[in-house]
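Novice: Given the coordinates of chain A, work out where chains B, C and D with the ligands should sit on it, guided by the hints.
Residue numbers (the numbering used here), protein chains in the order written: chain A, 622 to 769; chain B, 622 to 769; chain C, 84 to 503; chain D, 84 to 503.
Be careful, since some hints might not be right.
[What the hints assert, rightly or not] Straight-line distance between alpha carbons at most 30 Å, and here's what the computed DSSO-like set of lysine-lysine pairs gives: (1) Lys683/A to Lys365/C; (2) Lys748/A to Lys465/D; (3) Lys683/A to Lys637/A; (4) Lys748/B to Lys637/B; (5) Lys742/B to Lys683/B; (6) Lys365/D to Lys365/C; (7) Lys465/D to Lys365/C; (8) Lys748/A to Lys638/A; (9) Lys465/C to Lys638/B.
Keep in mind that the hints were calculated from the coordinates and are not lab data.
Just so you know, these numbers come straight off a predicted model, no measurement behind them.
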Amino acid sequence: MSLDALYQQIILDHNKKRVGFGLNAGGFPSHQYNPTCGDEITLTVRLSDDGTTISGIEWEGKGCSISQASASLMVSEVVGMTIPEFEEFANGFREAMRSRGQIALGEEEFGDLAALSGVSKFVARVKCAMLAWVAAEDSLALTRESLN
Amino acid sequence: MSLDALYQQIILDHNKKRVGFGLNAGGFPSHQYNPTCGDEITLTVRLSDDGTTISGIEWEGKGCSISQASASLMVSEVVGMTIPEFEEFANGFREAMRSRGQIALGEEEFGDLAALSGVSKFVARVKCAMLAWVAAEDSLALTRESLN
Amino acid sequence: MFTSAESAAIRAEFPEIAESVGGVPLVYLDTAATSLRPRVAVEFESDFALRHTAAVNRGAHTLAAEATEAFDAARESVAGFVGARPSNLVFTSNATESINLVALAIRLASATGAGGRFSLREGDEIVVTEAEHHANLIPWQEVAHQTGAVLRVAPVTDDGVLEVGAVTALLSERTKVVAFGAVSNVLGIVNPVAEVVGAAKETGALVLIDACQAAAHGPIDVTAWGADFVAFSAHKMYGPTAIGALWGASATLAEMPVVLTGGSMITRVDYDSSDYLPAPAKFEPGTPRLTQAIGWAESLRYIESVGFERIAEHERELGAHLYDAVAAIAGVTLLGTNSEVDRVGLVSFTVDGVHPHDVGQVLDSRGIAARVGHHCAQPLHKRLGVGASTRFSLGMYSTLEDVNLAAAVLAEVRDYFGEA
Amino acid sequence: MFTSAESAAIRAEFPEIAESVGGVPLVYLDTAATSLRPRVAVEFESDFALRHTAAVNRGAHTLAAEATEAFDAARESVAGFVGARPSNLVFTSNATESINLVALAIRLASATGAGGRFSLREGDEIVVTEAEHHANLIPWQEVAHQTGAVLRVAPVTDDGVLEVGAVTALLSERTKVVAFGAVSNVLGIVNPVAEVVGAAKETGALVLIDACQAAAHGPIDVTAWGADFVAFSAHKMYGPTAIGALWGASATLAEMPVVLTGGSMITRVDYDSSDYLPAPAKFEPGTPRLTQAIGWAESLRYIESVGFERIAEHERELGAHLYDAVAAIAGVTLLGTNSEVDRVGLVSFTVDGVHPHDVGQVLDSRGIAARVGHHCAQPLHKRLGVGASTRFSLGMYSTLEDVNLAAAVLAEVRDYFGEA
Ligand SMILES: Cc1ncc(COP(=O)(O)O)c(C=O)c1O
Ligand SMILES: Cc1ncc(COP(=O)(O)O)c(C=O)c1O
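Chain A with its partners taken away, still in its complex shape (with noise of 0.2 Å):
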């Protein structure tokens, strides 16, 4: 398979740029470790005063170029969103990403992640392109779990 459909420039960049790079202490980090390869991203989702708007993501790690780019471009992408807005995006990245290639990501609705639709063909690096998701989903769910 072509190497270009997977490394589209705006992710060989955001594998550089890293939006959202720096933990700060507080709120309610999630750990996650990829153990093939021995990725792993500490990522913390903020939330507005009343709760239900993500104001912000911070995040640090390390990885592929694909897993650092995934992680930069969701910041980009989804601060500001609602907790269901952002829950039905991370659904419907989630479902392209494991299509096989049969999802492309639009970009009307997903914005510079349309540059990922391609992992989607690259079995192997699914994975690195969920890492910071499943981080996201897991300090969300620590954060509301800690408002009730």
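Specialist: Just chains B, C and D with the ligands now, kept in the frame of chain A:
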């Protein structure tokens, strides 16, 4: 392979006759066991007063016709031998049994035991034929140890 | 039963059936020991080995990713075949290792005392039955020796039947493990699995079913039984040697301590400790049984293409005929003589005055491959008052001609040895 | 090195070599993970499965007797290949299980305290090295956790070399187990096995050698090493998955307690206790890995037909070329950089600014199958200050063209990711 090559009439007879069957107390019995079929034998070798000659062999046990006939025929043929004679005889018997049909037991040397020649072609049955012999060698070793 | 045309088509798929033994055609009546192999599955496996070999779970290159997918798909097939989800199915070397995995987890947990339900101690009880295969007896004996737990043995009746009451009578709050076979490999009798499991679960005990003989002769649903563990082997299901499975309930597998450790079952490894993946990876360290899983799944696909229900029906009818034919021979005594109970196509018997080895030899001289000995069930033989027996067992490729020939030759055995 | 004609003949025997990956020809550089399979061995195994399947060690009928003989002969071949007697060679599922068998014997013996040299307790010490595969680390960690023994880790130098003194410095009368790899699967460095064993044996410790990588790349003599145990896997020696071996010294195997129990390893079974056969049967309960043993032996016969010394020489020369070619690439850093030491045809490396997964992806797009990750050696990667690496490893079918292409593509990687 022809069944009659294995089961000569002498074997079928000795399977019933069982020369030496019946154990008396004393001596140094050896118990041998064949784990694949659960057959077993307990056998005692008696030596002459001067400890040089096999004066008798007694045994009990259950097993297939080959194991029973081999015990019975052994008793018929080896009582009266000196220990070195028996050892050479047993080695010759073992060698023939393991020969996969290459070495026949000569009637001149082995008498009625020659009827067991066919066993060596039935690899799975060699252990059956050897059971009493292993017990005899073991009992003999135990007996001689006690004399030292 | 299968029509002759159906049987012929099935037999054509098993090349060994067409072999001859010492110049006479083979009649394979030893399927309960190990089943013959369908060509389609063996060839699929060898083609995979030759063209798709790669490291599973460890590589990112295309071949490795494809091998991993194929391996996962094979696990899904095998799990689906017995009504399970893939995450509950641990691959092992054979059913013996499956049972040992549980017994070892118990021994390891008991050594430190920190293993919840897996931790046994003096005064605890383990319940098995008189009809167990050595594989489902000795591991428990070793657990008992180490922990001081008591091994209690549920009796079978004189005709070999395991009654539910025989097990329930032994159950109490001291019962920590109940392990028994779904189908006896000596008697062919189908045990009342669900009832025994139901009673055993009430004590809170870990319940393990040895499904070696059950899994090969008709559809089973491991979840419906309600046990904690179910063990079975590929080589009795027309699959390869060197692979078997331990099915475990989700909560039980989560609670179960690791036994074998190494690569591919970890997340983080430091010198002082390591973190483990969830089941099934937790129990499968090292390079997995790749081609064997592929081959097993393909064997099961072949079974399904014929129709497992139809195979079960064929074997049941042929088995009834076998039972009757052997029972009718003078001087032949069946083990397990209750005609009321459900059974698979398998009979064990003794021949008056003729040792099983000698019986087997006569059968073998006519091409009939039967099993002789204690069939890894010495205690059951002792219980039934015999040292060893001869066993005929059927597979999907068995025919009425096989059964009739076996019965005819068996009827001549006593005569040959001068016993008739 | 092999001539082109010799290489072509060898490659023709490995059908996978001729496969293409995403439209480009495969360049298989992942032999250290699992080796490709020679056609002659796979076909021999599948023919055996199709025509000679029968129960080993359990049947008296002709097929069963023949299968038993074939199985015994296969054990003899594998044992002979590594300089051992068959009675000292226990078949297992893989090297991981081989090592675990010893570790479990120790844990079981320690639980009751009645296991001679196998019984460990608080204050005892287990010595491993920083370069171990997880398979030779985690089992010892678990032994330590259970028994209270201390795990001591012999350091490697900054360039990955294990010096004899690093191990001997840790030895004392408290040392009860010394376990280490003959060849590192990350560094390719050949360790001073005999010297380490010699020193370790003086303490009376049980000594285990993980020979996974050593056994595949040149003749070994397990008895000459003088250890108690040697572990290795068939799938790294051009053999099938699902089979490996544990070689044990006679006295050690006799002393070692049983771990897995069941059929085919017993003489007498009663409800309260059982008697066990001597090794290797003692450690191989249940239906054995029949066709896999046959297939493994046949793979080794193929290796011998080519000449194992010649293969070793080929890989050594090609490996030196690989080492130099990779070391020469700007921005690429080798792990294990001492050029004085003996090594097998294997290099691991990092690429500045590019994650191994991304390196692997670029290689894969050009058909090059390399391994990326921690290669089941997280602690060694940490020790060398990296999280993961990319590995090229050679087999008998590898060529200079393979190595040159891999180096050429590797040289382009940084550029692709804008790092050059
Ligand atoms: C040095 C070393 N030890 C142990 C192992 C484990 O071998 P297996 O996966 O065959 O059990 C490997 C291979 O992965 C290895 O390279
Ligand atoms: C009832 C039963 N349990 C356990 C086993 C052991 O199976 P395996 O040898 O495949 O481990 C067998 C077969 O021998 C069996 O019939």
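Novice: Hint check: Lys365/D vs Lys365/C, CA-CA at most 30 Å. Holds or violated?
Specialist: At roughly 26 Å apart (the allowed maximum being 30 Å), Lys365/C and Lys365/D satisfy the hint.
Novice: Could you grab the alpha-carbon distance between Lys683/A and Lys365/C and see if it respects the 30 Å cut-off?
Specialist: holds, 25 Å
Novice: Given the hinted pair Lys465/C and Lys638/B, is their Cα-Cα distance within 30 Å?
Specialist: It holds: about 26 Å lies between the C-alpha atoms, which stays within 30 Å.
Novice: Is the straight-line distance between the alpha-carbon of Lys465/D and that of Lys365/C 30 Å or less?
Specialist: Judged against 30 Å, a Cα distance of about 23 Å means the pair holds.
Novice: Taken at face value, is the distance from the CA of Lys465/D to the CA of Lys748/A at most 30 Å?
Specialist: holds, 23 Å
Novice: Given the hint that Lys748/B pairs with Lys637/B, does the C-alpha gap stay at or below 30 Å?
Specialist: Satisfied, since the Cα-Cα distance of roughly 20 Å is no more than 30 Å.
Novice: Next pair to validate is Lys683/A with Lys637/A; report whether the Cα-Cα distance is within 30 Å.
Specialist: holds, 12 Å
Novice: Decide if the proposed pair is consistent with the structure: Lys748/A and Lys638/A, CA atoms, cutoff 30 Å inclusive.
Specialist: holds, 21 Å
Novice: Are the Cα positions of Lys742/B and Lys683/B separated by 30 Å at most?
Specialist: With Cα atoms ~23 Å apart, Lys742/B and Lys683/B stay inside 30 Å; holds.
The earlier numbered hints are all upheld by this structure, with none contradicted.
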